[in-house]
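The listed protein sequences correspond, in order, to chains A and B.
Count the first sequence with our numbering and you get residues 1 to 97, in order.
Count the second sequence with our numbering and you get residues 1 to 483, in order.
Each hint should be verified, as a subset may be incorrect.
Said to hold, decoys possible - Dumping the calculated EDC-like pairs for lysine to aspartate or glutamate here, alpha-carbon to alpha-carbon at most 20 angstroms:
id, chain 1, residue 1, chain 2, residue 2
1, A, K93, B, D331
2, B, K250, B, E8
3, B, K47, B, E16
4, A, K24, B, E8
5, A, K13, B, D321
Everything labelled a hint here was simulated from the structure, so no lab data went into it.
Bear in mind the structure is a predicted one, so any value in this text is a computation, not a measurement.
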Amino acid sequence: MNMDLKLIEHLAKLVKLDLSQEQKELLLEQLPSIIESVEVLNEVDTTNVAPTYQSTGLTNVVREDEYNAQTNLGQSLLNHTQHEVVNDQIKVKSVFN
Amino acid sequence: MLENFTIESLIKAYKENKVSVSEVVSAYYDRIEQINPRFNVYVNTCKDLAMQRVASMPKYDVDKHLLYGVPLGLKDVFSYKDCEVTACSNLLKGYKPSFNAEATQRLLDQGGVVLGMLNTDEFTCGASSETSCYGATKNPYDDSCVAGGSSGGSAACIPLDLGVFATGTDTGGSIRQPASFCNAVGIKPTYGRIPRTGVISMASSLDTVGHMTKTVMDAAIVLQAMAGHSKYDSTTPNVPVDNYIDSVNKGVKGLKVGLPKEYFGDSVDPEVSAQVMKSVEVLKKNGAEIVEISLPYTKYGVAVYYIVSPSEVSANMERYDGIRYGQFATDGVTDLESYYTKTRGAGFGNEMLRRIMVGTFCLSSESYEAYYIKAQKVRTLLIEDFKKAFQKVDVIAGPVAPTPAFKLNSKATDPVEMYLCDALTIPSNCAGIPGISVPAGFTSAGMPVGLQLLAPHFKESTLFQTAKVVEDEFRCFEKLPSL
């Protein structure tokens, strides 16, 4: 498994992680051996084998979208946020610059 | 005051008016205060909420409610309204859910009293509870050893009697392996048997809610309380719930028990194999037929798991953006992007970073076919293994983990070595079938060993009736750790 700092930085960017130099170096040291250990699967012939995503056989489970007047979700969220609340609104970082 | 109560014996004591709920709950808090600092079992207690529950007991009926006044611990991933729940991650410090997990709610509906939150590996990723931001839980039978993981706090809670029972989650063995290390009964039901709604996710196609108890009967009672379809979790099949409590004493006469040769390989400690074989003899003595079977794809289980689970972990961890839950970065933040990246980079511990990065690698467009799809195909073959085996046998028996509890810090620096701890529990998670770890004796050094039993989907009753026979023979729950 060829892995370099550039690939580590690329993956970190994809998954939105700001990593220190030390964290990057540790990952560069450990990730190749983890990836190599799972490559043992290449021994297995999987021609004509379908992948499994769900183990109890359920597909496309849906239900009616019912309105539940009992839950005061808005107030509950205001009471439980760790951010500043201003005029019944949760203050977070602006999305647009 | 406390007599190492089981659910059964505590309910009996309440019915006979020997103790009150308030006395029992207070006695548990005294015991936690005394013992917890040494073993690091609870990461947070919620005495005020518990006392409110005690005050609400007149609403419940000791003859009707399965868990009337029963003190319990929740693994630190079960949402409990107004109680700090952190998944043992720095990222979620201070987070208090605004609702109860469906599983938590069902325990409360039956009269349960939550004492506090139990230690786990960060976001349940680990096999030793050493990746917890609060430090590892220590093994009650030797405090230089791990309690196992990820549900290490839940397992250690049982023999230390810091609660009558505890909840856990099992994604690759996280209930069964610590139960085996700590002399507890640990059940991972069928995938979806207990709703996951409100339980902090790790890997959604594998995560299973379950519990640790002192006895097999208690395990059946708690499953009776929590099992069943929920409209809030679309992965809970609408399959009728068995009468688990009635199944416990059915015995094993005529039951076919399969021994997979792959579960007794060279990597399994001889003392562990020996204890497991002793319990197999017990099943035979009680009328079970022992059949040799083969699960040939077992050796690929760990590799399948360490592609599928990190992939799902990396997707599930996306929600921790510093806005909806827990901690957020302030230093060096210049825009929204840096707010996200700095919050996440500083919040996750090293094992989480490894899994998120491995998962992102496996799901990235260049590797998706070669790694992720390949693993899901081999997963199909692992499932076929079990399907074929269950045409011949009713239940499969083997060790839970290759070794007894290992020393603290002995595997923490080698992730691949740590991943092998779950080699015998992972395949059943991939297949979604139920499994149980039942205490089956001790090594010469006095460390607990569990017997693992596996059954087809929704056949938890078979696990209980088989496990009970082993429990009746060895009565391991009587061997408490010397403190």
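Original post:
Quick check: which numbered hints come out false for this structure?
Top reply: 3, 4
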